[in-house]
Amino acid sequence: MKKILLMMLLLTVLASMLLAEDIQLQEITLDEFLNDYLSDYKIEKRIQLEGVGRDFAVAKETGEIVAVTRTDEKYIVKMLDLEGNCKWSHSFDNSYCNISALVSDNANTTTLFLNEGEGRGKNVIISKDGQILYESPISYSIFYPSPDGNYVYENLNIMGSTRQKEIKMYNKHGEKIAITGLENYQIRNIRIRITDNSHLIAFIEQENTESIIMCFCEFNKGNITVLWQYEFEEGYSKIFDTHNMATTNLRIFQNKIAVNACDSGFYIFNFDGNILHQDNELVSSFGFSQYGDFIIDNQENLKTFDKDNFNEKIINFSLKFKTTKENVLSFLKFGNFYLIDIERYFFQRMKYHTLFYENDKIRIINEGFYFLSLNNFHIIIAFNYEPNSCITIIYGGGK
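For the sequence shown, numbering that gives the first Met the number 0 assigns the number 0 to the initial residue and increments by one for each residue that follows.
Bear in mind the hints are in silico, worked out from the structure with no lab data behind them. Treat the hints loosely; a few may be bogus.
[What the hints assert, rightly or not] Lysine-lysine pairs mimicking DSBU-like chemistry, simulated, CA-CA at most 35 Å apart: (1) 167 / 77; (2) 86 / 312; (3) 220 / 41; (4) 312 / 77; (5) 255 / 312; (6) 220 / 302; (7) 164 / 175; (8) 127 / 73; (9) 59 / 255; (10) 59 / 127; (11) 59 / 73; (12) 121 / 175; (13) 255 / 220; (14) 220 / 127; (15) 41 / 77; (16) 175 / 77; (17) 41 / 59; (18) 127 / 41.
[To be verified] Derived CB-CB ranges, DEER-like: (19) 30 / 173: 30 to 36 Å; (20) 182 / 90: 43 to 49 Å; (21) 30 / 136: 44 to 50 Å; (22) 205 / 270: 22 to 28 Å; (23) 230 / 126: 35 to 41 Å; (24) 165 / 42: 45 to 51 Å; (25) 311 / 88: 44 to 50 Å; (26) 165 / 230: 28 to 34 Å; (27) 208 / 312: 35 to 41 Å.
Since the structure is predicted, the reported quantities are computational estimates derived from the model, not experimental observations. Idealized CB from N, CA, C, for every residue including glycine.
The task is simple: from the sequences and hints, build the whole structure.
Dropping the structure here:
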């Protein structure tokens, strides 16, 4: 009994310490931020959703939003347009630990991962009109849609002794596609990311080696041609991290590829294979802005780099909140201030907020941000996850 009470006391103290980190940051509301700093951006629509927000995904070419919320009875997954109209809706049993969503750039294909715990779950493929096309058996893999929605590829969700020795790719109906072109590699482990409609990146660990090879490939209907490759001497655990390698360790902006290779450093390549920037310090999280500038967190401070000359600016603030894990989801630059959208793992739950940096001062907005440029408009989509989930659509004039 004493051990249980002691454990509860320690957890309470730890929680207080973690929460205290948030309290140190002054909060600014979304309305205050828009009025004071983005006066030419106007709120067009506020969409109230049922339940607490669990995940959101945005089709960056068309603006459709896939929203996942949870009530006491069920999970609700909806696709909404920028006017707030529901294009389709599905509900799922409340027994899942969580449901995460991904959507193709054109909104033609949505994939859901129904997490049953410990990295295991089912994948669901949904068409643009809301039809469930395929539901996978329970596995440790997550399905990712290609940008055009014509393909879905599979990456393992956990590591350890489990290895993925081949590229697993399917059409929208879950039918496997034969892959050719990597026969010269002795693959022990592989992960991929389809970057656009004709290219993919493969990270390959070969048999009897400790290095990782990154291959930039042309891709056409299952046929792969390696255009160039780069070998990382170290960094296995980071490139093949436990969750979401395609988002946490690899970012793509136009023709730039940013790779966090842990002990091998942080790199930015162009599509021709040239190294545009290299940083040998350990990077825990990073992201591109809407203009191609980028930001890194080295666990001591944040650093921003401009897109042309990679000039460095240090922000004396670290994303590391004690024992929690932070991940940069997006980085928005507006003149002399920045918005840094953060995903935070907090006591088995994901929390989301945005850091507002101006003149060496950090404040917090308790909403997530997503930036779009569509039809000559700049659009900010703000997500409020709890206590009541809400999506705010904001149109602007192009600052």
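Here's how the hints hold up against the structure:
At roughly 27 Å between alpha-carbon atoms, residue 167 and residue 77 fall within 35 Å of each other, so this suggested pair holds. Of the supplied pair hints, the one linking residue 86 and residue 312 is violated, its CA atoms being roughly 43 Å apart against a limit of 35 Å. Of the pairs offered as hints, the one joining residue 220 and residue 41 is violated, with about 43 Å between alpha carbons and a cut-off of 35 Å exceeded. A hinted pair counts as satisfied when its Cα atoms are at most 35 Å apart, and residue 312 with residue 77 does not qualify at roughly 40 Å.
For the proposed pair residue 255 and residue 312, the alpha carbon gap of about 20 Å is at most 35 Å, so the pair holds. This hinted pair does not check out: residue 220 and residue 302 have alpha carbons roughly 40 Å apart, beyond 35 Å. For the suggested pair residue 164 and residue 175, the alpha carbons sit about 15 Å apart, so the restraint of at most 35 Å is met. At most 35 Å may separate the alpha-carbon atoms for a hinted pair to count; residue 127 and residue 73 meet this at roughly 22 Å.
Proposed proximity of residue 59 and residue 255 is supported: the alpha carbons are some 17 Å apart, at most 35 Å. Note on residue 59 and residue 127: the hinted pairing holds, with a Cα-Cα distance of about 14 Å set against a maximum of 35 Å. Note on residue 59 and residue 73: the hinted pairing holds, with a Cα-Cα distance of about 28 Å set against a maximum of 35 Å. At roughly 17 Å between alpha-carbon atoms, residue 121 and residue 175 fall within 35 Å of each other, so this suggested pair holds.
A distance of roughly 24 Å separates the Cα atoms of residue 255 and residue 220; the hinted pair therefore holds under the 35 Å criterion. A hinted pair counts as satisfied when its Cα atoms are at most 35 Å apart, and residue 220 with residue 127 qualifies at roughly 21 Å. Straight-line distance between C-alpha atoms of residue 41 and residue 77 comes to about 24 Å, which keeps the hinted pair within the 35 Å bound. Simply put, residue 175 and residue 77 have alpha-carbon atoms about 27 Å apart, close enough for the 35 Å limit, and the pair holds.
This hinted pair checks out: residue 41 and residue 59 have alpha carbons roughly 20 Å apart, not beyond 35 Å. A C-alpha spacing of about 29 Å is found between residue 127 and residue 41, which places the hinted pair at or below 35 Å, so the restraint holds. In this structure the supplied range 30 to 36 Å is violated for residue 30 paired with residue 173, their Cβ-Cβ distance being about 44 Å. One distance hint, 43 to 49 Å for the beta-carbon pair residue 182 and residue 90, holds here, with the actual separation near 45 Å.
Hint check: residue 30 to residue 136, Cβ distance near 47 Å, so the stated range 44 to 50 Å holds. Distance hint check for residue 205 and residue 270: the Cβ-Cβ separation is about 24 Å, which falls inside the suggested range of 22 to 28 Å. Our hint of 35 to 41 Å for residue 230 and residue 126 holds, since their Cβ atoms are close to 40 Å apart. Against the hinted window of 45 to 51 Å, the Cβ-Cβ separation of residue 165 and residue 42 comes to about 48 Å, which satisfies the hint.
Look at residue 311 against residue 88: about 46 Å separates their beta carbons, and that is inside 44 to 50 Å. Checking the proposed 28 to 34 Å range against residue 165 and residue 230 shows it is violated: the Cβ atoms sit about 21 Å from each other. A C-beta distance of roughly 38 Å is found between residue 208 and residue 312, which places it inside the suggested range of 35 to 41 Å.
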